[in-house]
Structures are given as C-alpha cells and as structure tokens.
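S.K.: Here the protein sequences come in this chain order: U and H. Residues in the first sequence are numbered consecutively from 1, following this note's numbering. Residues in the second sequence are numbered consecutively from 1, following this note's numbering.
Treat each hint with caution, since some may be false.
Some chain H residues judged to face chain U by a derived CB distance under 10 Å, without partners named [what the hints assert, rightly or not]:
#, residue
1, Thr51
2, Gly52
3, Thr73
4, Lys77
5, Ser84
6, Tyr90
7, Leu93
8, Lys128
9, Ile230
10, Phe233
Bear in mind the hints are in silico, worked out from the structure with no lab data behind them. All figures in this text were calculated on a predicted structure; none of them were measured in a lab. We put the CB at the ideal spot given by N, CA and C, even for glycine.
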Amino acid sequence: MNTQRIGAIFEKDLKDFMKNMMLLTMPIIPIILALIYSRLGGDEGLPISMLYLIVGVTFSSVTSSCMMTMMAEENEKKTLRGLMLSPASFMDIIVGKSLVVGLMTFIALAISLLLVGMKPFLNVQAIIGLILLFLFFLFLGIGIGLFTKSVASTSAYLMPVMFLFGFTPMIDFLGLGEDSIAITVAELFPLMQLIIMHETNSWVPIGIVAIWTIAAAAFTYICFKKERTDD
Amino acid sequence: MENAIKVTELRKVFDHHVAIEDISFSVKPGEIFGLLGPSGSGKTTTIKILTGELGQTAGDVNVLDISAPLFRTADFKSKIGILSDNSTLYERLTVYDNLKLFCKLYDAPLEQIDVMLDQVNLKEARSKVVSKLSKGMKQRVLLAKALIHKPDLVFLDEPTSALDPGNMAHIHRGLQKLNDAGTTIFITTHDMEEATELCDRVAFLDNGKIQELGSPAELRYKYSTHAFHIETFENERLVMANEAGSADKIRDLIANGKLKSIQSDHPTLGQVFLKITGKELA
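Just chain U, same shape as in the assembly:
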C-alpha cells in the first residue's frame, strides 16, 4: 500500500462525494430515523434491538449504499479502469474510498447514537462488533459495486441488502412464532448476532460476525478479479 496514492484517492473521492447529491442525502436517512426514535424511548431509553436497527440502517444506507454507488459509478463511467491502469494497487483504491465512506459512516453513526443513546456501545466488545459490522457492510458495498454495471442497477441490490442485513431486527414485528425457520435463520445474521452478544456477553457472536465479514471480503475479491481484466 502507498499512503500518497491512498491520500490522492481519498481527496478525489471526498470532493466527488461533496458534489454528488445522491450520496450526500444517504447519511441523513439514519439521522432522521434516530431523531424519530429518540422521542419513543422515555426514561429507560430504547431497547437494544431498536438501537441496532439504527446501526443497521446506518451501515446499509451509508456504508454499503455509498460504497456501492461510488464503485458502480466508477465501473459505469470506466474511471475504475483508469485507476487500475495507474500504479495504484487494488488496496490503495479500496482503502482510499473506504476512508471517505468510513468518515461519512462515522459522522452519521455518531450523530444517530448521540440522539438515541450511545451508552450500550461504550465497551470493547460492542466496539469490535461495530467495526466488524462496518467491514461486512463495506465489503458488501464494494463487491456489489464492482459486480453491477450501472448506478441505476445498484438500487435493485441495495434493497435486499437493507432488508436482509440492515433491518433484520424488524423480523420480530412480523408476528412469526419463535420456532419459525425464518427467525432461526435471521438470528444467524450479523445484526442479530450483535444483539445476542449484548444479551449474553458471549464472544461467540463476534466470531460469527467475523465469518460473515470474511465471506463478504472473499466476495469482493472475486468481483475485483473479474473486473481487473477483459479476459
């Protein structure tokens, strides 16, 4: 990795982000949701599943969505090929972009959690969980962004990502029985694992989220290998 090249890509992407209205509106979504939810909590604050719902919305609508859109746009306009033909490595490109997305995610998450309550997240286990969750959504965004050929088609992929991984705690409101297969499967999803982690203080959920993150990283790598050449 080369810090100068990472810096150059970060600077370019930050300028581009600030001029792209579609991307600029993304970090506002979780903040508005947090603002609405902050009025529901009362003195005891919001239940942990609600807090993680806001985390899930932040990571899916800011991290995954922005990364997906940025990568898809580079792919669509063939600017990614220009970057790949330069001395910048894949890691330089990804890290540079991830820093921009990370910055926007951090701002949106910090404001959202300040509104609904940050206390449950102020411990090492929760912070590691959030970092892994961020990486999971980031890799998902990069992979799908490389895979899709246009910005317009990203919305078709963003919806399943948001509903499956960002809104997973909402499954409790569907009125399914506790023995339902859907509930059993959903409990293996990253966001639900972090809720379980809070309830049990176990490190096993962190391991399961780490496996999800590794799988998302592998998916990104495969998409990159396909994009790298015309073969």
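Starting from the structure of chain U, add chain H where the hints point.
M.R.: Okay, now just chain H, sitting in the frame of chain U:
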C-alpha cells in the same frame, strides 16, 4: 534496451474467434510506431495486451524489458502512459483536480499539470468542471493525463479522433516534442495523413494479421508504379514509365519548353492499404 516493445507470435482468441493471429513485430526505443487498420482488425486488442489489460492466448510479449506476467506491477505501470477508447475523466471534478489525482498516483510533481495543460492547449480550462467541456477538450485532457508522468512509452489509441485540425496540429507538435525528448510512442489511428506525418514505421493490421510493415516512405515507394505523371503547357497529360526511354522524352519536353509539371507516382498510405487489403480506412 534493444527494443521498447517486442512481440513474438502473439495470438489472442476470444471464445472461438481469433482476434490476433500470430503477429510479430518490434518497436525501437524512441520510435513512433503506428498500428493501422480498420475497426475490428485487432488494434485495440493488441494495445490491451501490451498494457496488461488483456492476457494473450499464446506468444511472447515484452515491453520495456518487462515480460507480460509482470505488466500489472506498479513499476511497469509507472513507465507507460495510456490513452485508450476506455479512458475517461471524473465529470464532477475540474480539469486541475483530475490531473492532480493522476499526478499524485504517478508520483509526478504538481508543476507538471500546467506544463501538460500548455502542451495540449488547455491552460484556460484549468478550473473548468470536466462535464462542461466539449468532446475535443476532454480528449486533450485525457492526453495530458496519459503524459503527465513523463512515461518512457506511450500507447495512444486514436488520440486525435475527436479533434479539429487546429488542435490536431497542436497535439502533433506536442507528440513530436515528446518523441524528440526520447519517449517511444505506439499509436493506432485511422488517419493516414496523421500516420504519414508522425510515424517512423507503420504496420497494417487486418483480420488479426500484420499485412505489411515498414516506414511510410518505404511502403509508398514499394507500392508505387514508379511512373511519372507529366503535364505540358499544351494541357497534355502523360504517364511515363521509369525507364531509359522516358528520359529522352522528358529531356525533349524540357528542351522545347513544353514541360509544365512532373510528378513521380507515390500512393498515399491509404491507397497502399487499399491495394494490400482491398479495404478503405475511413
């Protein structure tokens, strides 16, 4: 370094379609080499293989003493510049911001931005957003981007296709200057006048095969009929073969003050291409 580019028995097959069929050629350091051919002849495929965007099916490719498997290294990429049909710019950013990005990626000094903008005649567009530029202006920014790090070898795929004659001449002068400074240039073009003006040697590519290779002057001479086209003051047009008998007739015309003009028959590169392939280069 004996050759800037050496290609031996290069072959590229897409599914069952042979795009490049066992071509061999070399480009000397400091040379301007033109690969000419109609659309679909294999020019872009060749450039993509030479720049590492595509892998070859068979054959050896060596560029700047680096062989094909190492074309994806930063060292190789920093030695070459590419302007291809796939080259694009960041539309929301300014010309300066676009060039600044590539300056930093190639570790080139930022002063190069103004040098290059001057070379492509775009100094006044420095702060303009790329989306507001005309097609020709964008093409010139892309050329500046390809050359900003002073590469040893530049690949230019149809570099002047969107330019007006004035800007084309300006770019040609810039490329000549670059070549005078020692940069090797590998160019593909449809424009035969451009090839004649710029290239030291050209190769005609058709159906994935090199049909002819040589300097523009050599090829024009080789495919000439060697006849003389003569016009007299009596508006008589004569064609005389290049042989001993013609010398007396020409001498008589001069002696009698009848000779208005005399020209040797040298076909243009386009006519040579037509003779060899039966196809016109549009």
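S.K.: Taking the hints in turn, state whether each one holds.
M.R.: Going down the list of hints, with the structure as the test:
With a cut of 10 Å, the hint placing threonine 51 of chain H at the interface with chain U holds, because the nearest CB-to-CB distance is about 7 Å. Hint status for glycine 52 of chain H relative to chain U: holds, with the closest Cβ pair at about 8 Å, below 10 Å. With a least beta-carbon distance of about 8 Å to chain U, the hint placing threonine 73 of chain H at the interface is held under the 10 Å criterion. For lysine 77 of chain H, the interface hint holds, since its Cβ comes within 10 Å of a Cβ in chain U; the closest pair sits about 5 Å apart.
Because the smallest distance between the Cβ of serine 84 of chain H and any Cβ of chain U comes to about 8 Å, under 10 Å, the interface hint for this residue holds. Of the supplied interface hints, the one on tyrosine 90 of chain H holds, with its beta-carbon coming within about 6 Å of a beta-carbon of chain U, less than 10 Å. Because the closest C-beta pair between leucine 93 of chain H and chain U is about 6 Å apart, less than 10 Å, the hint holds. Taking 10 Å as the C-beta cut-off, the interface hint given for lysine 128 of chain H is violated, the closest approach to chain U being about 14 Å.
Proximity of isoleucine 230 of chain H to chain U is violated relative to the hint, the smallest CB-CB distance being about 54 Å (cut-off 10 Å). Among the interface hints, the one on phenylalanine 233 of chain H is violated; its C-beta lies about 60 Å from the nearest C-beta in chain U, farther than the 10 Å criterion.
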